[in-house]
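Both chains come to you apart, so use the hints to assemble them.
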Amino acid sequence: MASDLLAIAASGARAARGALDVTAQNIANAASDGYVRRTARMEEVSAAGGQMRMGDLSLSGVRISGIQRNADMFRQSEVRRTTADSSRGAAELAGLQNVQAAVEQSGVYSAVVGFEASLQALTADPVDPAMRAEVIASAQAMTNKFNIAAGSLDSAGEGLRFNAQAGVDQANVYGGELARLNLRIGRAGADSSDRATLLDQRDLLLGKLSDIADISTSFGPDGSVRVGLGAGGATDFVTGGTAATLTMATATDGTVSFQAGGNAFTPSGGLLAGSANALVEVAGTLGQLDTLADSMAAAFNTVQTGGITPAGSPGQPLFSGSGAGGITTALTDGAMLATAPAGAAIGSRDASNLAAMRQALESGGTASGVNRLLFDVSSKVAGREVTQGALDAIASSASVALEEQAGVDLDTEAANLIRFQQAFQASGRAMQVASTIFDTLLGIK
Amino acid sequence: MISLSTGAFYERASRQMGDLRAQATTLQQQIGTGKRLDRSSDDPVAAARMRTLERTQRMAGIDQQNSASANTDLQLTDTALGSVADLIVRAKELATQAANGTLNNSQRASIGLEVQGLADNLLAIANTRNGAGHALFGGQAAGDAYSKTGGTVGYDGTTALDTIDLGDGQTVLPGMVGPDAFSFTVGASSTDLFAVLGGLATALQGGASDPAQSARDAMGALDAGLDKVTTAQTVVGARMGWIELMDDRRTQMSEMVTTEQASTGGADIAASMTRLQEMMTVLQASQASFVKLANLSLFNEIR
Chain A
10 MASDLLAIAA SGARAARGAL DVTAQNIANA ASDGYVRRTA RMEEVSAAGG QMRMGDLSLS
70 GVRISGIQRN ADMFRQSEVR RTTADSSRGA AELAGLQNVQ AAVEQSGVYS AVVGFEASLQ
130 ALTADPVDPA MRAEVIASAQ AMTNKFNIAA GSLDSAGEGL RFNAQAGVDQ ANVYGGELAR
190 LNLRIGRAGA DSSDRATLLD QRDLLLGKLS DIADISTSFG PDGSVRVGLG AGGATDFVTG
250 GTAATLTMAT ATDGTVSFQA GGNAFTPSGG LLAGSANALV EVAGTLGQLD TLADSMAAAF
310 NTVQTGGITP AGSPGQPLFS GSGAGGITTA LTDGAMLATA PAGAAIGSRD ASNLAAMRQA
370 LESGGTASGV NRLLFDVSSK VAGREVTQGA LDAIASSASV ALEEQAGVDL DTEAANLIRF
430 QQAFQASGRA MQVASTIFDT LLGIK
Chain B
924 MISLSTGAFY ERASRQMGDL RAQATTLQQQ IGTGKRLDRS SDDPVAAARM RTLERTQRMA
984 GIDQQNSASA NTDLQLTDTA LGSVADLIVR AKELATQAAN GTLNNSQRAS IGLEVQGLAD
1044 NLLAIANTRN GAGHALFGGQ AAGDAYSKTG GTVGYDGTTA LDTIDLGDGQ TVLPGMVGPD
1104 AFSFTVGASS TDLFAVLGGL ATALQGGASD PAQSARDAMG ALDAGLDKVT TAQTVVGARM
1164 GWIELMDDRR TQMSEMVTTE QASTGGADIA ASMTRLQEMM TVLQASQASF VKLANLSLFN
1224 EIR
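The listed protein sequences correspond, in order, to chains A and B. Just so we're aligned, residue 10 is where the first sequence starts under this note's numbering, counting upward by one. Just so we're aligned, residue 924 is where the second sequence starts under this note's numbering, counting upward by one.
Treat the hints as calculated values from the structure; they're not laboratory data. Check each hint, because a few of them may be wrong.
[As the list claims (entries may be wrong)] One-sided excerpt, in silico: chain A residues whose CB lies under 8 Å from chain B:
id, residue
1, Tyr118
2, Asn380
3, Ala391
4, Val417
5, Asp420
Ideal placement from N, C-alpha and C gives every residue a C-beta, glycine not left out.
Next up, chain B with everything else stripped away, as it sits in the complex (with noise of 0.2 Å):
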């Protein structure tokens, strides 16, 4: 014979109602908080798993504020580099008035005066500084990346330039040094913008004994230091798409990461609640049944 003893049919219930409560409590957490893991060991592995999504995505929103800076830093040198062409395009043009045997001394020479302003122009936009400060194409120079000594201009920068990570081990070169922009070569003598601008400046104000002869020498220089600023601007453009390319990625990926975690770490709401439902029917079924056993005594029927 089982014997059921009182205190134990008691204990059994509570113990049995207790449990249901208990499950029912935590799916009504995952309910309200949306989340499956309160704590790691709720589910180890997919906590760890988190942890390395939560990771990656801190480190895609550095990555992300990293190649915004990188883009504006481009977008300035591709401006500046724009500019400069319409400069040595200006200067052409002078070059040819100055080119044509016409003109007197006098007429060349302020047309020389007018290239003197171009150049000093050209130095102030190879001096642009960036949004954070620096000289935008000095490299890793602290002050500015050209200086003129003595009518002759130098450049103070590095011929290096950080790199910018993009993150999944991309980087890109946020800018570009002054020489890779403004130095080149004609002929076989090595020049840069300055010198050519500062040269032709100088021989149409009477430095040269036939000025008309330099401005023709001069346009074929133009046209070499036009070649190197627009193919400047060409690799700048490609930086600027490279980076594009990252950033859509980036995106891709920070949305398959979200995916990941909603589907690692978030709650199956309508699963939960289904689940939560089931429970409620046990525990009032379990709780009606109880009232009425705990009620059915043998006492009650002895009169």
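Okay, chain A solo, but in the shape it has when bound (with noise of 0.2 Å):
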């Protein structure tokens, strides 16, 4: 007879404590990031009988063939693909939200309409000295509010480069460890403990560069990971051990672009595809407000230029510099006003100049301007909080239903213990069993 009682359930008290062990490291790993529940497969060892002794039984016991990873790489695509348009939506949804608060509190719309109201009070009388330096004063306050609404764009722009450039940085610092991850799962055993924990580091990265970048991945029969980028994960960025390094590149306007390797590609998902959308509107507000503020001084000045001060001289142009930035009131005397128009007497109250004046804002629709600007920025921040709710809450389940397949239950673990703590008993039992039948057999006299 091959078979070895003892032997047999020492192989069983060996692989319950194994088991035991697996079972208290996920405990153990309950909250850990990225930890993948493991389970520890068991195998029943036996040989077929020698030759022509077929019929003898031949039992070896049990061992454990391995430590299998729990991961499910279908959840886990899904995770990355959610996580990554989540994540371009949430910095979409930042960076608008900045320009909306660069246009909206910086108060153009009310200095505007400040200007405007400014203007129809010296009707009641044109040459009063008080009403005058009023309009210079809210000239002065709307030129300003201008000014701070391209600084605040500006700085909201500077803003989102910094995060975009830290985004590639870090993706790089990723890019880097999953090369060398790439490298190590290949000389790790296979079904090993050390390459369980291999998988769960180049799954935890994939996912924080997923964070980034929407990312493209295939995997080879070792274990090792290919990351592309762009449309289609056309370019390469990780491949074995090799990582590209990304750059980014910020044109004149403002607006970024991205490269791997020194191949362009443009990312569709993530921080990176977030902040350079969000650049793209940063860019497109501030244009729109440059030409609101060229139009609106160039038709004032156009109406100032042709009518008379008070004092008889021909108007100078209220407004100098160019873009919203640029704007600045060139007058600081109310008698520069040129209210009255050409020809008109020496402190002439006829204010059809400054009829001329109101009409050409109120034509030039400066103040609606602003107005629908800020509708435009503002619905496009209700859209995207709209949407940015849906893509979280997509992320969120997609990440859930991942954690309940991949992640560890303490109360499957309790159970666990229980069972493995029984099946170490047991064996332990059939040790007392095989002892007692030896003392049988060496008791025989």
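Below, the structure is given as structure tokens:
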């Protein structure tokens, strides 16, 4: 007889110990980031009988054949995809909220209305010095508000570019780490616990990377991963043991573009895509604000230079500079406002040129233009907020789904503890039986 | 079998309670500020409407100021025209006295002296300034409306007067230019009050061979002048009425704007409070159930 009861029982006790270790490891790592629940895979050890002794019992017990990692590749890739979407949405939304705050909280709209109101108040008495000074003061307030809005937009863009650059730097770190992991995974023994730990790290890094950009992954038979970027993952990022370097380039209008190892790619998800999209919005809003400021200044200056001041001299331009960031109020004295039409008497209260100024502002649509710009930006923010809510919910349900499948359930582990403890005790009992049998045999006199 | 991992349980619970707390905070903010809109993106359409309403209200405030100043000018004009009318009536009395054949020339000369005084008063009244220091009857001119050179009074102002905007595209003329109040035609020739009074004073003080006849002639002209001045007063009164009408309209508009602002951008306190209460109940319930479920571990039962 080739079987050895003591050896079988000992192998059972060993296997149960191993399973208990795995259970304890699961419990210990219940809250670890990226930890995937392990299961000890058990296998019967037996041998066929030797030649001519086919009928013999040949049982050799049990052994732990490997540590199984309960990761579902599909759920993991779903988590990566939805994370990239939600992080793109979050970055874009944050950028747009900054754009909205820049235009809204700088108070451009109410300053434009204030300028119009001061001109309208001046119609009551066009030569009143106090009211004229008020017009100049509100013109200065308006140009200041335009400057502030442009400055806030610039710093919003600055912040977005900073975030994107930080993302690029972080992605380079992750890429290098993944390349190193690829090499180590190839060397780790199949089904070893070392390998499981490396795969955990690999998946954790891939998850972090998809926060930064949408990645496409393909896994080699040895568990190493190839990471591609851009449309269809066509641009290589991590291949085997090498990682390409990501770089970011800033255009003159403040928008950004990305390259991996010298090859241009356009991310469609993650922090990079969100920041790039938001920067396009920043540039667009700044352009619209510039147009509004320029057309307002041009329309007003045309009327102003066409009239004469109460002192009888021709009007000088009220606004100078170009763009929302550069516009300034050139006149400081209310007496320089050309409220009277050319040819009017000195000190005339003829306000027809003042009426033309108000008309120019009204028909130029400065106030309504700013209102529309604010409406555009805020409705984009509102739309993105809804989208972001949905993307967040999708991403969170994907990660919960993965967590449910791959995470540790303490109740299950508690049950396993009892189960393997009992298995261990039972194997011990089997050893006791073997010992009793031997004692019986040895006791034969 | 659906296995719910411990991590997933905690993540889900914290997310749900975080959501509830965020909603409760938003409601609390609405109740605290009384505004439904904190940022434009809370409701872009309503926010754009609110901005337009804010502009309407601000412009209406300016219209109100302008209308008040126009009203003041018109009241000053009305008072001045009333004084002129009194003055003409007095001049007529004096002319009637002077026309009496029983008076001698020296008595007429003293009447002429008083008429001369009236003529001077008329010039002072015609040069009245408004609150901003501009000639009330001078149109757009910078200085006095009338000036006296070599015994003749001439008009220095402009014939046009700037209108004042009352909002809604409506305007009003905040006064009257001199010629509209003081110039008229007698027979076929055009004249003005200054010429009539000045002429009468000169005639009574020995400038005419038959002062009594001159006085009789002047009475007709004075009647025409009184007509002109009272007509001007009526016009001024009508303009003040127009301003009052526009003020009423503006008040109504402002009420409507305020109502719309409240309904567009104001928080419905009752609804928000109810909603907040509901939110708090749900939050408390989910906190309680979370604590209960979290304590429900098999490890507690293993002894």
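Hint check, Asn380 (chain A) versus chain B [nearest Cβ-Cβ separation less than 8 Å]: It holds, given that the least Cβ distance between Asn380 (chain A) and chain B is near 5 Å, below 8 Å.
Hint Tyr118 (chain A) vs chain B: min CB-CB distance below 8 Å? 6 Å, holds
Hint check: is the beta carbon of Ala391 (chain A) less than 8 Å from a beta carbon of chain B? 4 Å, holds
Against chain B, is Asp420 (chain A) within 8 Å by beta-carbon distance? Since the shortest Cβ distance to chain B is 4 Å, the answer is holds.
Would the stated hint for Val417 (chain A) survive a check requiring a Cβ distance to chain B of less than 8 Å? Where the cut-off is 8 Å and the nearest Cβ of chain B is about 6 Å from Val417 (chain A), the hint holds.
Against the hints set out earlier in the document, no violation occurs for any number.
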